[in-house]
Amino acid sequence: MKQTFKNFWNSVTAVHPSIQDVEERGYSKLLAMLFSYLIPVFTLVVLRSLLFPTGGTPTILAPMLFVLMLVAYVINHQGYSKVSANLWIFGTAAIVTNEAFMHNTSYMLLVLFLIFMQAVLLLSIRSVSILGILSLIALALYAVTQPPALPISPTFSIFFFVLGGTILIAFTNYRAKIEAEQRQELLNANEALRQSEASLEQRVKERTRDLELAIGVSRQITTILDQDQLLKAIADQTKEAFHLYHVSVFTYQEKQQQMMLAAGSGETGEKMRELGYDFPLHLEKGLVPHAGRTRTSILANDVSTNPTHTPNPLLPQTRAELAVPMIANNTLIGVLDLQSDSVNYFSDDIVRVISMLAEQLAIAVENATLFDEVETARREQVAVAEKLRAVDNMKSQFLASMSHELRTPLNAILNFTKFVQTGMLGPVNDKQKDALNKTIGSGKHLLALINDVLDITKIESDMLNLFVEEDVSLSEELESIVATAETLLSEKPEVKFVGDYEAELIPDIVCDKRRVRQILLNLVSNACKFTEEGQITLSIRIENEMVNIVVKDTGPGIPAEDHELIFEPFRQSHAGMTNGGGTGLGLPIARRLAEAHGGSLAMESVVGQGTTFFVTLPVASAKLLDMTKMGKAS
Amino acid sequence: MLLKNKRVFIVEDDAGNLAIASVYLRQQGATVFYERWGRDTPQMILKHLPIDVILMDLMFPNNVSGFDIFDQIRQFKQLEHIPVVAVSAADPDSAMPKALAKGFSGFISKPISPRISKHIARIIEGKKVWAAEDMTGF
Numbered sequence: 001m002k003q004t005f006k007n008f009w010n011s012v013t014a015v016h017p018s019i020q021d022v023e024e025r026g027y028s029k030l031l032a033m034l035f036s037y038l039i040p041v042f043t044l045v046v047l048r049s050l051l052f053p054t055g056g057t058p059t060i061l062a063p064m065l066f067v068l069m070l071v072a073y074v075i076n077h078q079g080y081s082k083v084s085a086n087l088w089i090f091g092t093a094a095i096v097t098n099e100a101f102m103h104n105t106s107y108m109l110l111v112l113f114l115i116f117m118q119a120v121l122l123l124s125i126r127s128v129s130i131l132g133i134l135s136l137i138a139l140a141l142y143a144v145t146q147p148p149a150l151p152i153s154p155t156f157s158i159f160f161f162v163l164g165g166t167i168l169i170a171f172t173n174y175r176a177k178i179e180a181e182q183r184q185e186l187l188n189a190n191e192a193l194r195q196s197e198a199s200l201e202q203r204v205k206e207r208t209r210d211l212e213l214a215i216g217v218s219r220q221i222t223t224i225l226d227q228d229q230l231l232k233a234i235a236d237q238t239k240e241a242f243h244l245y246h247v248s249v250f251t252y253q254e255k256q257q258q259m260m261l262a263a264g265s266g267e268t269g270e271k272m273r274e275l276g277y278d279f280p281l282h283l284e285k286g287l288v289p290h291a292g293r294t295r296t297s298i299l300a301n302d303v304s305t306n307p308t309h310t311p312n313p314l315l316p317q318t319r320a321e322l323a324v325p326m327i328a329n330n331t332l333i334g335v336l337d338l339q340s341d342s343v344n345y346f347s348d349d350i351v352r353v354i355s356m357l358a359e360q361l362a363i364a365v366e367n368a369t370l371f372d373e374v375e376t377a378r379r380e381q382v383a384v385a386e387k388l389r390a391v392d393n394m395k396s397q398f399l400a401s402m403s404h405e406l407r408t409p410l411n412a413i414l415n416f417t418k419f420v421q422t423g424m425l426g427p428v429n430d431k432q433k434d435a436l437n438k439t440i441g442s443g444k445h446l447l448a449l450i451n452d453v454l455d456i457t458k459i460e461s462d463m464l465n466l467f468v469e470e471d472v473s474l475s476e477e478l479e480s481i482v483a484t485a486e487t488l489l490s491e492k493p494e495v496k497f498v499g500d501y502e503a504e505l506i507p508d509i510v511c512d513k514r515r516v517r518q519i520l521l522n523l524v525s526n527a528c529k530f531t532e533e534g535q536i537t538l539s540i541r542i543e544n545e546m547v548n549i550v551v552k553d554t555g556p557g558i559p560a561e562d563h564e565l566i567f568e569p570f571r572q573s574h575a576g577m578t579n580g581g582g583t584g585l586g587l588p589i590a591r592r593l594a595e596a597h598g599g600s601l602a603m604e605s606v607v608g609q610g611t612t613f614f615v616t617l618p619v620a621s622a623k624l625l626d627m628t629k630m631g632k633a634s
Numbered sequence: 001m002l003l004k005n006k007r008v009f010i011v012e013d014d015a016g017n018l019a020i021a022s023v024y025l026r027q028q029g030a031t032v033f034y035e036r037w038g039r040d041t042p043q044m045i046l047k048h049l050p051i052d053v054i055l056m057d058l059m060f061p062n063n064v065s066g067f068d069i070f071d072q073i074r075q076f077k078q079l080e081h082i083p084v085v086a087v088s089a090a091d092p093d094s095a096m097p098k099a100l101a102k103g104f105s106g107f108i109s110k111p112i113s114p115r116i117s118k119h120i121a122r123i124i125e126g127k128k129v130w131a132a133e134d135m136t137g138f
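Protein chains in written order, with my numbering: chain A, 1 to 634; chain B, 1 to 138.
Be a bit skeptical, because a hint or two may be false.
Simulated pairs of lysine-lysine, BS3-like, Cα-Cα distance not exceeding 30 Å [said to hold, decoys possible]:
1. LYS255/A - LYS177/A
2. LYS496/A - LYS118/B
3. LYS98/B - LYS387/A
4. LYS128/B - LYS47/B
5. LYS232/A - LYS271/A
6. LYS438/A - LYS387/A
7. LYS444/A - LYS118/B
8. LYS98/B - LYS444/A
9. LYS529/A - LYS444/A
10. LYS623/A - LYS127/B
11. LYS47/B - LYS6/B
12. LYS623/A - LYS102/B
13. LYS431/A - LYS529/A
14. LYS444/A - LYS128/B
15. LYS118/B - LYS438/A
16. LYS6/A - LYS29/A
17. LYS395/A - LYS102/B
18. LYS102/B - LYS47/B
19. LYS127/B - LYS6/B
20. LYS395/A - LYS98/B
21. LYS387/A - LYS431/A
22. LYS623/A - LYS98/B
23. LYS529/A - LYS118/B
24. LYS98/B - LYS127/B
25. LYS128/B - LYS623/A
26. LYS177/A - LYS232/A
27. LYS98/B - LYS6/B
28. LYS433/A - LYS118/B
29. LYS433/A - LYS529/A
30. LYS77/B - LYS6/B
31. LYS98/B - LYS77/B
32. LYS4/B - LYS118/B
33. LYS98/B - LYS47/B
34. LYS444/A - LYS496/A
35. LYS496/A - LYS433/A
36. LYS118/B - LYS98/B
37. LYS444/A - LYS127/B
These are computed hints drawn from the structure, not numbers from a lab.
This is chain B alone, in the form it adopts within the complex (with noise of 0.2 Å):
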């Protein structure tokens, strides 16, 4: 169980993306929230605290960006120190520089698979995971 009783809070607006990774999670023994419009995040954000780690989608509707969200999130002192990682299915090589600038903890490129929560729990534990590549888990 490599996330047992941590609290992890998932931003995506894709119901089905949002299943899939709650499922790898849970099964390592997460607790999940989520957000699906990435509207007022932060503040869902914070009725859930304490909160381990945040997933980040990049892309929602209406030309919302994961990397506006993540500013949103940042300018809330209870929210500093949460560790944010990208899970998108965006370019990683134009994706991953910004996110890194922007001070994101890491990137996970979409599709997943199982070996996200290895992931996840490197991040909880203050490790940077950039570059992340998932096949290797089919």
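Just chain A, same shape as in the assembly (with noise of 0.2 Å):
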């Protein structure tokens, strides 16, 4: 309700946008207030004697002001404020005078003094003469012609408006002055900013010039992080970008306590570094240490007058030195040091410009420092990696040939003595055929240790790769392990082989035959040589795409101490040390296979009663079958 009110009032007394001028938007705002209080109070006034005329006379006064404010109101509410604002103050005056002369009633002279009083709130100096001058006619009119309805004398009453519009005269009058006055103070004060807006224009641009300049320089050359590429830049850059006559860059060594000339601009500025321009930072004579040590710019406007100035016969023209500090996290970096070949070259502006530039090369500075710092750590990293990479390979490649070289014999040793024991080569006895059968045993063990020692230092250096095929029959490879099961087991009929699988429902899958193959003989292999009675069961289950194969036996168990142990390199269970012999490289070569495949090898066991373990291998998974493309695509 409140806020709805506050909304009427404001849309009924708002200013037309089109008055700028605060004061006159003040007197706009005041006049519409008038009239918004006013046309309500006459709206009644005026319905009052029309619904109950009083009898007598009927004046037209109130619905003639009542017209007036209308008028006045809409003029004001449409912009023109002091056309509304002279409209009601003279149309007000002269509805009332004729009211006072028409019905002979003297009060409203009274009224005219208060119609007097609201045009000097809102009338000009001119408009309020021009109705005191009107009023005063008006009043000696009536004084003249209708003395008897005057309740005071004539005497008084002009005596009452000659004082009154005296002081009234001599109000506005003051009022006028101070205007004037105001209006010249604002006027010198206009010409004055103007004058000196014009002034600061010149030297903003001027100042956005060398900006643009600097930062112009500076744009090109933090992007260069090259140390040498970037002192030789900023020297070249900053000489054209200032039209000077030669700048240097000097760069401070802390552990030396020297400067140190690190670039220059053009030839001069090569030669110079050739020559090798260094000085102790403590060096009295020259600009250079100077602006070093107080890290204050230093500025020789014309060097035939400065006593430190140190003149340099490769710069016989330098008329004008300036010498920066280039400090970056309160750390001083270096000097830049610029020369002009005119005297008082350097203005205020130009080396507080330079000063801002300094500080932005010195952070590109610093930082192509540690640019440096950092690749060059980065390439010893790069190439300990490398060494390590071409160790790696190194004792890969000798693994392999020596694997070959320990293979070859094995070759011969192995088949032959086969050919001596199965009596090919002529008849051997029964003792002479377990001695032989031994050798064989311990070639076979020998070719073990060689591939397991391949295989984990392949593993170890990353260097594993599957040679995946489609279509690998599994229930074919179950067929020469469980052959071999049976050859192990020849020697124990405490131990029976189990078979749990129908090789008919085996499919064929995706892997690296000889991998898995690996895996499986592991397993079977370290079954049998662990269990003295019961039996082995291999049981092949598929579920879910994978195919989960168990290998159980009743043989002593693993203490749960030595369920983790047995997977990694070089560690054995206590048992698998005293009884079993073999590398210990076994378990966890055959789990890392598994998990090459996207598999898995886990196990359980107790003590005294056994030991299970636990295969999963895809049947076809994704990422197999591109490694049979990619072995086809190589």
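Join the two chains, each given in its own frame, into one complex according to the hints.
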């Protein structure tokens, strides 16, 4: 409710947007508020006189005023506040005076005085003066024509109006004087402002140009990370941007407390660098060490009169020199030395801009230094990594050729022993046969060792690559594994081997045949090795596109603390070490091979009851199928 | 008799290895021809045509490799179709992908076993035999 009224009031007394002047807006608002108050009041007055006529001579004063204020309100609302104010004041004055004459009611003249007060508030001096004169004339006329109507003596009323008028005129004159003074002051201030704006604009233009040069230099330069290139670019581009004679960049070597010429503009710069312009920071003469020591810009706008300036025979035309320290993170990075061939070249503005530029350059130089360090560290790391890789490669290659060299004689050892043992080369007795069998067993063990060491090396240097084939017949592989198990168990009639699977239900799988065979052979031969009585069960189930292979034995079992140990390379359970021999590499390799296929190898065991190994392998994973394609493409 | 009437050519520099392979293959009825030095191998094979399968060692003296000899053989139209199987003590992980890419019909690791005849018979049938592990044959 309150808010609605407020909104309504605001819209009724709104000032036309075309009025810009703050003071005029205030007047317009005041007028609008005045009318907004008067219009409802007069509406009631007019309504009352229409509905309940009082008799006597009907007066049109109220309706006329009502119409006048409506018109004035509309004019003010349209943005003509001065017209509106004049219309209102003069209109009311005319109506009231007319009323006084027509109906002989002198109190109206007092109303005229109220109107005059309004005029002082709302109108300009000229309008107030005109109104005052007109009022006095009207009063005089009234006093002359209708003296008996006056409730007070004409002398008094004339005196009253003359005195009041004089005071008002004096007041309005005073106000006019003050306004004129204020206006003049404003004009003066405006003029001053305009002038300072113009000179400011000129300075801003110059500053902008210098800054643009500086920004241009620093933008081009901050992208360069190679330090030598960067310093040379700083020298050349600063020289060009500021039309200088020569620019040198000195870097500060903190350890030696030396200023070192790191780069210079043009060929002279190169020459100076070759000659080596290095000097200690505490050197008495020279602007550069001075700037470095004090960490402030040192300016010699006329070198002929500067005692610290040291002339350089390579730069004969130097007339002015400016040395600006380059500081980043409170650390002195170096000094930027600028030389001009004209005296008084370096204005305050240029010095300021160059100081700012030097700050940027300091950061760029520091970045380049850091980048250099990081880059060097990175290169070293890459070199170390490459070396390690090369060492790994050499190790693998060495082992591969070692394995080749060891397998070749084993071919002869195993096979010729076999020839003798089977009687192919003449009759052998049982003792000899037994000895030859042991030779073959040892040969096979040696071969297994060679293979395991080669495999674990590949695994540890992350160079294990599967040779994946499609349509590998798992049941065919199982046949040879069962055959091996039966050979191994031929001397242990107390141990039964059970194949718990239906060969025709086992699908062909995608895998590295040799590696899968290696996993199964390892588990089955371990079971055969450690089980003294009971049975070994090999069961196979297919579930969710995975082959689950379980090798369960009734051997001694593995104590809980060894359950993870047995999957770590070069570690074996106590029992494994005392009874089994072997490298202790078989299970770690088998687990890693299963994982390389996207499968797993786990175990469960209770001491005294036996051990169960669980192998899972994917039937045909997308990853393995991809590997067969890669194999074929290469 | 897995290899009855089959003619096998062996390229192998080690006399012992050559003898062993020959014994097993002949046991299964094969006729064995061989070449020990890896030089002019295609000409030697051409002399003994028809040949059903070639057994190829991969390492020879003087840096000659079985892969090079394979390329020489394949340059002869008459020898193009003969399956070649690598028989090598090299690390299968590195040698097999190479042999597969070349166009070998298989890879048999050394030491070999009597089961080599079974693998050779399959290769003559046109099958591929990769990663044949022969230790189960002992």
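Need the status of pair LYS177/A, LYS232/A: alpha-carbon distance at most 30 Å?
This hinted pair is violated, its Cα atoms lying about 69 Å apart.
Is the Cα-Cα distance between LYS444/A and LYS128/B 30 Å or less?
Since the Cα atoms of LYS444/A and LYS128/B sit roughly 26 Å apart, the hinted pair holds (cutoff 30 Å).
Please work out if LYS47/B and LYS6/B have their alpha carbons no farther apart than 30 Å.
16 Å, holds
Pair hint outcome, LYS431/A versus LYS529/A [Cα-Cα no greater than 30 Å]:
24 Å, holds
Going straight from one Cα to the other, do LYS444/A and LYS118/B come out at no more than 30 Å?
Roughly 21 Å between the alpha carbons, so the hint for LYS444/A and LYS118/B holds.
Need the status of pair LYS529/A, LYS444/A: alpha-carbon distance at most 30 Å?
15 Å, holds
Given the hint that LYS98/B pairs with LYS6/B, test it: the Cα-Cα distance must not exceed 30 Å.
At roughly 27 Å apart (the allowed maximum being 30 Å), LYS6/B and LYS98/B satisfy the hint.
Check the hint pairing LYS433/A with LYS529/A against an upper bound of 30 Å on the C-alpha distance.
Roughly 22 Å separates the two Cα atoms, so the pair holds.
LYS98/B paired with LYS47/B [C-alpha distance capped at 30 Å]:
28 Å, holds
Would the pair LYS395/A and LYS102/B pass a check requiring their Cα atoms to be no farther apart than 30 Å?
The hint holds at about 26 Å.
Does LYS6/B sit within 30 Å of LYS127/B, going by the straight-line distance between their CA atoms?
16 Å, holds
Under the criterion that the straight-line Cα-Cα distance not exceed 30 Å, is the pair LYS444/A, LYS127/B satisfied?
The hint holds at about 28 Å.
Checked against the numbered hints given earlier, the structure breaks hints 1, 6, 21 and 26 and satisfies all the rest.
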